[in-house]
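Student: Input sequences plus hints: build the corresponding full structure.
Chains as they are written, first to last, in numbering that gives the first Met the number 0: chain A, 0 to 417; chain B, 0 to 285; chain C, 0 to 316.
Since the hints were made in silico from the structure, they are not lab data.
Take these hints with a grain of salt, some might be off.
What follows is a set of in silico ranges between Cβ atoms, one per label pair, in the way DEER data are often shown [said to hold, decoys possible]:
id, chain 1, residue 1, chain 2, residue 2, range
1, A, Ser242, B, His183, 39 to 49 Å
2, C, Val159, B, Leu76, 44 to 54 Å
3, B, Arg162, C, Phe287, 30 to 40 Å
4, B, Phe111, A, Gln183, 39 to 49 Å
5, B, Leu68, A, Asn396, 34 to 44 Å
6, B, Val110, A, Arg387, 32 to 42 Å
7, A, Ile369, C, Asp147, 34 to 44 Å
8, A, Lys408, C, Arg128, 17 to 27 Å
9, A, Arg377, C, Asp147, 28 to 38 Å
10, B, Phe111, C, Leu235, 17 to 27 Å
11, A, Arg387, C, Ile163, 47 to 57 Å
Straight line, CA to CA, 25 Å or less: simulated DMTMM-like cross-link-like pairs of lysine to aspartate or glutamate [said to hold, decoys possible]:
id, chain 1, residue 1, chain 2, residue 2
12, A, Lys75, C, Asp275
13, A, Lys324, A, Glu307
14, B, Lys274, C, Asp191
15, A, Lys324, C, Asp275
16, A, Lys181, A, Asp244
17, A, Lys181, A, Glu205
18, A, Lys181, A, Glu292
19, B, Lys274, C, Asp188
20, C, Lys105, B, Asp170
21, A, Lys181, A, Asp388
22, C, Lys105, C, Asp191
23, A, Lys324, A, Asp388
24, A, Lys181, A, Glu413
25, B, Lys157, B, Asp170
26, B, Lys84, B, Asp170
Cβ atoms here follow ideal geometry from the backbone N, Cα and C, with glycine treated the same way.
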Amino acid sequence: MSDYNSTKLSMGRSQVGRAGFLNGILPAIFLAVAVTAVPMAAAQETIRIGAPLALTGGLADEGMKQQLVYGMWAEKVNAAGGIEVNGTSYQVEIVEYDYQSDGPRAGQLAERLATRDRVHVIMAPFGSGHTVITGTVGERYRVPTIACVASSESVFSNNNPYLFGTLSPNANMTEVMARYLKEQYPDLNSVAILGRDDVFPKSMAEATATAAEQAGLEVVYRELYSVGTMDHSSSLTSIRRASPDWIYVTGYTQDLILARRQMADLGVTAPIITMVTGPAYEEFTEGLGSLAENVTSSSWWHHSTTYEGYGIWPTTADFYADFLKASGGSNPDYIHGSCAGSLAMLEEVLPRAGSLDGEAIRDALAATDIMTFYGSIRFGENGMNEARDLPIIQVQNGEIVVLAPDSIKSGDLELISR
Amino acid sequence: MDIGQILVNGLVLGALYACLAVGFSLVWGVLNVINMLHGSFIVLGGYLTFFAWHSFGIHPLVSLPFVALLLFGIGYLVQYLFVNKVVTAPVLTTLTLTFGLDMILYNIMTVFFSATPRRVTLDLGTLSFFGITMPVDRLFGMALALALTGLLYYVMRKSRIGRAIVAVRMDRAAATLMGIRVNHIYAITFGVGALMAGAAGAIFAMVFPITTNLTGMYIGKAFVVCVIGGLGSVPGALVGGLALGLIESISGHFFGPQHSLTVGFLVMLFILLVKPTGLVGKRGYE
Amino acid sequence: MITRTGLILFAIWVVILATTPLHADNYIVRTAIMISMYSVLALSWNFIGGFTGYPSFATVAFFGLGAYVGAIAQRNGVPMVVAWMLATIVVGAFAAALGSILLRLKGHYFAIGSIAVVEVCRLVISSWRSVTGGGDGLNIPLLRWSPDDVAIFFLMVMLVLMIIVFALNAFVSRHRLGFGLHCIRQNEDAADMVGINTTLYKVIAFTLSALFVGTAGAAYASWVGYIDPTDSFSILMTVKVPVMVLLGGAGTVLGPVIGAASFVVLEEIFWSNFLDWNRAILGMVIVFLIFFLPGGLLRVSFRKVRDRLKGREGVAT
Numbered sequence: 000m001s002d003y004n005s006t007k008l009s010m011g012r013s014q015v016g017r018a019g020f021l022n023g024i025l026p027a028i029f030l031a032v033a034v035t036a037v038p039m040a041a042a043q044e045t046i047r048i049g050a051p052l053a054l055t056g057g058l059a060d061e062g063m064k065q066q067l068v069y070g071m072w073a074e075k076v077n078a079a080g081g082i083e084v085n086g087t088s089y090q091v092e093i094v095e096y097d098y099q100s101d102g103p104r105a106g107q108l109a110e111r112l113a114t115r116d117r118v119h120v121i122m123a124p125f126g127s128g129h130t131v132i133t134g135t136v137g138e139r140y141r142v143p144t145i146a147c148v149a150s151s152e153s154v155f156s157n158n159n160p161y162l163f164g165t166l167s168p169n170a171n172m173t174e175v176m177a178r179y180l181k182e183q184y185p186d187l188n189s190v191a192i193l194g195r196d197d198v199f200p201k202s203m204a205e206a207t208a209t210a211a212e213q214a215g216l217e218v219v220y221r222e223l224y225s226v227g228t229m230d231h232s233s234s235l236t237s238i239r240r241a242s243p244d245w246i247y248v249t250g251y252t253q254d255l256i257l258a259r260r261q262m263a264d265l266g267v268t269a270p271i272i273t274m275v276t277g278p279a280y281e282e283f284t285e286g287l288g289s290l291a292e293n294v295t296s297s298s299w300w301h302h303s304t305t306y307e308g309y310g311i312w313p314t315t316a317d318f319y320a321d322f323l324k325a326s327g328g329s330n331p332d333y334i335h336g337s338c339a340g341s342l343a344m345l346e347e348v349l350p351r352a353g354s355l356d357g358e359a360i361r362d363a364l365a366a367t368d369i370m371t372f373y374g375s376i377r378f379g380e381n382g383m384n385e386a387r388d389l390p391i392i393q394v395q396n397g398e399i400v401v402l403a404p405d406s407i408k409s410g411d412l413e414l415i416s417r
Numbered sequence: 000m001d002i003g004q005i006l007v008n009g010l011v012l013g014a015l016y017a018c019l020a021v022g023f024s025l026v027w028g029v030l031n032v033i034n035m036l037h038g039s040f041i042v043l044g045g046y047l048t049f050f051a052w053h054s055f056g057i058h059p060l061v062s063l064p065f066v067a068l069l070l071f072g073i074g075y076l077v078q079y080l081f082v083n084k085v086v087t088a089p090v091l092t093t094l095t096l097t098f099g100l101d102m103i104l105y106n107i108m109t110v111f112f113s114a115t116p117r118r119v120t121l122d123l124g125t126l127s128f129f130g131i132t133m134p135v136d137r138l139f140g141m142a143l144a145l146a147l148t149g150l151l152y153y154v155m156r157k158s159r160i161g162r163a164i165v166a167v168r169m170d171r172a173a174a175t176l177m178g179i180r181v182n183h184i185y186a187i188t189f190g191v192g193a194l195m196a197g198a199a200g201a202i203f204a205m206v207f208p209i210t211t212n213l214t215g216m217y218i219g220k221a222f223v224v225c226v227i228g229g230l231g232s233v234p235g236a237l238v239g240g241l242a243l244g245l246i247e248s249i250s251g252h253f254f255g256p257q258h259s260l261t262v263g264f265l266v267m268l269f270i271l272l273v274k275p276t277g278l279v280g281k282r283g284y285e
Numbered sequence: 000m001i002t003r004t005g006l007i008l009f010a011i012w013v014v015i016l017a018t019t020p021l022h023a024d025n026y027i028v029r030t031a032i033m034i035s036m037y038s039v040l041a042l043s044w045n046f047i048g049g050f051t052g053y054p055s056f057a058t059v060a061f062f063g064l065g066a067y068v069g070a071i072a073q074r075n076g077v078p079m080v081v082a083w084m085l086a087t088i089v090v091g092a093f094a095a096a097l098g099s100i101l102l103r104l105k106g107h108y109f110a111i112g113s114i115a116v117v118e119v120c121r122l123v124i125s126s127w128r129s130v131t132g133g134g135d136g137l138n139i140p141l142l143r144w145s146p147d148d149v150a151i152f153f154l155m156v157m158l159v160l161m162i163i164v165f166a167l168n169a170f171v172s173r174h175r176l177g178f179g180l181h182c183i184r185q186n187e188d189a190a191d192m193v194g195i196n197t198t199l200y201k202v203i204a205f206t207l208s209a210l211f212v213g214t215a216g217a218a219y220a221s222w223v224g225y226i227d228p229t230d231s232f233s234i235l236m237t238v239k240v241p242v243m244v245l246l247g248g249a250g251t252v253l254g255p256v257i258g259a260a261s262f263v264v265l266e267e268i269f270w271s272n273f274l275d276w277n278r279a280i281l282g283m284v285i286v287f288l289i290f291f292l293p294g295g296l297l298r299v300s301f302r303k304v305r306d307r308l309k310g311r312e313g314v315a316t
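Tutor: So this is what it looks like as C-alpha cells:
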C-alpha cells in the first residue's frame, strides 16, 4: 500500500454551497440544545455542593472513591432532616460531573457548577493540578472550594482566599516519620529514596530527603522515575548496591505494587521499607499478599483512629460501620476519610455562616476550629489544615496497625528481617 | 555484577514488550490500520485472567488460551463488522474509528471492573545464577512471550492462513484475484492481533498490576517497539521489544530512572529519521 | 476555496459566538471560548492534515509549548500580550526546525514521529524542573478582573485568533501555496517533478499549523492560571483535533470550524447528562460519524442534497 493512498484525506473543497448553509447552522442548533437540554438547578431550597469527579481517565480510581462518600453523606444528612441555616432546613444535593481526569474540562465543569448550577461549595477533584484550576474558577465566582485530597503546599501557594484543604502539609508527615523511625530503630543511618515524578509523590520524596538529613541520616540514593515507568529494576539494582537501612518509595498504588514485587524479585530489602501511600489503600495489601507485610507508610487518616466530633458521623466507628455497608465490606482509606470529613465539617460551618452566600461561607470556613470523626480541622493562613499528629501505619499479619502517634497507637514497629 | 543484572532485566522486560507489540504490529503491517484498541485489548485480557483467578481460582496459565481465544473472537467481529467497512480509507479514518471503539470498550471496562489496580499474586519465587537474580514469573512470562511470538512467526510462514495473510499484505488486488477472501483474512489478522493482546494481558496480569489507566501506556510502548524494530513483521516486533527493554534498563541505570523513557523515545525518533523501516524491517511493507 | 455563502456563514457564526456574553451565562461563554480555541487548533491542523494530507499529531506539542513559553515569560514579568507573541514566535521557529526534519517521513511514519514529538516535549518539560516546575506545574499570574470581564476578554482573544487562522486558510486555499499543497497531497513525486518546491511548501504548511496554536496555548495558560505537563501535552487532545476536522470536512475552509463547534457541543451535552457513560456515547458518535458521514458534515449533506435532487428529477421524467 503506498503512502499516498494512506494519507489521502477525503476532500470536499469548493463544495461549500447551499449544503454548507444547512450545516452551518447545525452547531448553533446543538448549542441551543446544550443550553436547554439541562434543566436549570432548582431554586434555593437545597444546599448544592458541586463535585467535578474523575470517573474516567488516569484518576478514575480516586474519583470513584470520592463519589462513594459524597453519596453516603448526602443520603444520611437528608434522611436526618438536612442542614439548618439561619432558621431554614435545607436538603443537600451533590451536583456531580465526570471531568475525565482532564485539566481543561475540570475548569469547564467548575465554571458550569458556579454559574449554571449555582452551587454553594465546590469539592475539588483528586489531582493537585486540577484542584488549582477548580479553585481558580471558584475564586472568580466567590464560591469556596474544598480540597479534600490535595496535600502539596504548592497547590495552596497561590494565596487563593477561597481554597481550603483538609489534609495537612506533606512536610509535617515526613518529619514526624523520620523522627519516629530514628527513635524506634537507632541503627538507622541511611535511606534510599525513589519517587514518582508527579506532584504529590515527588514532593513527598523531596520532603523525606530533607527530613532524613535533618534526622541525621545519609541519603544514599535519591532518584525520580517518570510517569509510565513499567520497570523499576535498574533503580532497584542501584539501591541494592547502596544497601540502605531504609527504603522509601512513593507513587500510585500500581507503581508501588510493581516496585515492591520487583524488590522481592531482585532481593532488594532493608529493615524498614516505606511506601507512600501504599498500605493506606486496601488494594495495595490485596495486590501484594504476603509481600505487603511490614511495609510502613504515613497516612492522613486511618479508620482505626478514634476521633469524636461534629457531623452526621459523630465517631470514627460510626463512619466505619456505614462505610462497610456502602462499600460491600472493603475498608475506607484516607481519601474516603478526608472527603467525608470535609462534608461533615460543612454541617458545622454552614449553620455558623448563617447564610449561603459565598463570602459568608468562606469567612466561616476560615474561622473553622472543630473536631470531626476525621480529626481536627483548623485552616492555616494558606487555607491548609494545620499540622496535627498524622498516623504512621504498618502492615502486620495482613492488617493495618497504627504505630504512632501514641494517642491512637495499636502496635509497635516491626523490622523486616534481611 | 550490576551490568549483568541490568542486561538480564532489560532482556526479560524486552520480551514482554515484544509480546505486547507483536499483535499491534501485525495489524498495522497487514491492514494498514493503527489499532487504538490494542491497549484496551491487553487490559481486557488482564482483567479476564484476574477475575478467572480471583473469583474461580483458575490458574492464569489455564485461562490464558481461553482468554486469548475470546479476544480473537472479539477482534474478528470488530474487524468484520466495523473496520472492514472502511479498511481502504486513509489511515486517519481507521485510526479515528478504532479510537472511537476504544472509548466504548474503555468505558465499559471502567464501569464493570472499576479502575482499581489488580494483580494475580502467584509469587513463584526467584532464580539466582552468577549473582543475577530473576523472578520466576517474569522468566515464565518471557518464555511464554517468546514461545507465542515464535508460534505466530511459524504460523505466518507455514500455514495456509499465514501465507494468505502475507499475500494480502503484499498485494491486496492480486490476492483477491487468486481467490483469497480478503475480508475474511483481514478479520482473521485483526483477530490474531487481539489474540496476542489477550495473551499478553494474561501474562502481564502475573507480572504487572492491571488497571484501565494503563491502556494508553501500552499503546505508547507498542508504537515505540514497532518503530524501532520495523513495522508489520514478527521478527521486527521481537527485535524492537528487546531493544526497547535494553534501552530503558541501561539508560535508567546510567541517566537515572527519570530519563529512561525519554531516551527510549529519542532512540525511536532517531531510528524513524535514519531508518524508517526499523532495525529489521523491509522496504515496501509500510 | 471558499464561496461567498461560506464567508457569510462564518461571519454569522462569529457574531453568534461573540454575542454569547449578552444573552447567556458564563458557562455558555466558556463553552464559546472552548469552541473558538478548538477552532483555532482545528483550522491550524487543516494546513498540514487537510491541505497537505500529512496526518500530524503534533498539534498538542505546539499548544503545550506555547502555554509553557507564555507562562514562563509572564512569570518573569513579561506583559501578557507580549508573552503571547513570544510564544507564537518560539513555537513557529520550533515547528519550522522540526518540520524540516520530520517532514522527510511520510504516512504512518510521519504520524508516529509527530506523536513521539509530543511525548518527548512532555518528558523534557517535566524533567526540566528548574525552568518549568516539572510535575508541579506552573501558576500564572491571574487577571484580577470580574469573572464576566475575564470571560469576555478571552472570548475576544480566541475569536480574533480564530478569524486570523480562518482568513489564512481562505487565503492559502486560493493561493499558489494551496494549489501546491493540494498537488503534494495528490502525488508528492509528481508535484516535485512539475517544479513545486515540496520541502519548502510542506515546512510552510507545518509551521502554519503550529503558529497560532502556540498563541492559543499561551492565551489558554493566562486564562486558566495553571498548567502542568500532563494536561498541556495530553494525547487525547491531540487526537481530538483531527477528529474535529474529519467531522467537519478535511481540507475545506469551513469544515474545521463546523467540526470543532459540533464536537465541543456534543461533548458538553454528553458530559453533563451521562455521568458514567459519557465516554462510550462519544465513542459511538465517532463510530457513527465514520460510517455515515465519511466526508465530514460538509460533504455528505451536499451529496445527500444532490442525490435527493437527482431522485426527484428521476421521478419527474
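Student: Take the hints in turn and mark each one as holding or not.
Tutor: A quick look at each hint next to the structure:
{"no.": "1", "hint": "Ser242(A) to His183(B): 39 to 49 Å", "in the structure": "violated (59 Å)"}
{"no.": "2", "hint": "Val159(C) to Leu76(B): 44 to 54 Å", "in the structure": "holds (48 Å)"}
{"no.": "3", "hint": "Arg162(B) to Phe287(C): 30 to 40 Å", "in the structure": "holds (37 Å)"}
{"no.": "4", "hint": "Phe111(B) to Gln183(A): 39 to 49 Å", "in the structure": "holds (44 Å)"}
{"no.": "5", "hint": "Leu68(B) to Asn396(A): 34 to 44 Å", "in the structure": "holds (41 Å)"}
{"no.": "6", "hint": "Val110(B) to Arg387(A): 32 to 42 Å", "in the structure": "holds (37 Å)"}
{"no.": "7", "hint": "Ile369(A) to Asp147(C): 34 to 44 Å", "in the structure": "holds (36 Å)"}
{"no.": "8", "hint": "Lys408(A) to Arg128(C): 17 to 27 Å", "in the structure": "violated (38 Å)"}
{"no.": "9", "hint": "Arg377(A) to Asp147(C): 28 to 38 Å", "in the structure": "holds (35 Å)"}
{"no.": "10", "hint": "Phe111(B) to Leu235(C): 17 to 27 Å", "in the structure": "holds (22 Å)"}
{"no.": "11", "hint": "Arg387(A) to Ile163(C): 47 to 57 Å", "in the structure": "holds (54 Å)"}
{"no.": "12", "hint": "Lys75(A) to Asp275(C)", "in the structure": "holds (23 Å)"}
{"no.": "13", "hint": "Lys324(A) to Glu307(A)", "in the structure": "holds (20 Å)"}
{"no.": "14", "hint": "Lys274(B) to Asp191(C)", "in the structure": "holds (23 Å)"}
{"no.": "15", "hint": "Lys324(A) to Asp275(C)", "in the structure": "holds (22 Å)"}
{"no.": "16", "hint": "Lys181(A) to Asp244(A)", "in the structure": "holds (11 Å)"}
{"no.": "17", "hint": "Lys181(A) to Glu205(A)", "in the structure": "holds (18 Å)"}
{"no.": "18", "hint": "Lys181(A) to Glu292(A)", "in the structure": "holds (20 Å)"}
{"no.": "19", "hint": "Lys274(B) to Asp188(C)", "in the structure": "holds (20 Å)"}
{"no.": "20", "hint": "Lys105(C) to Asp170(B)", "in the structure": "holds (20 Å)"}
{"no.": "21", "hint": "Lys181(A) to Asp388(A)", "in the structure": "holds (17 Å)"}
{"no.": "22", "hint": "Lys105(C) to Asp191(C)", "in the structure": "holds (15 Å)"}
{"no.": "23", "hint": "Lys324(A) to Asp388(A)", "in the structure": "violated (29 Å)"}
{"no.": "24", "hint": "Lys181(A) to Glu413(A)", "in the structure": "holds (13 Å)"}
{"no.": "25", "hint": "Lys157(B) to Asp170(B)", "in the structure": "holds (19 Å)"}
{"no.": "26", "hint": "Lys84(B) to Asp170(B)", "in the structure": "holds (19 Å)"}
Hint compliance for this structure: hints 1, 8, 23 are broken, all remaining hints hold.
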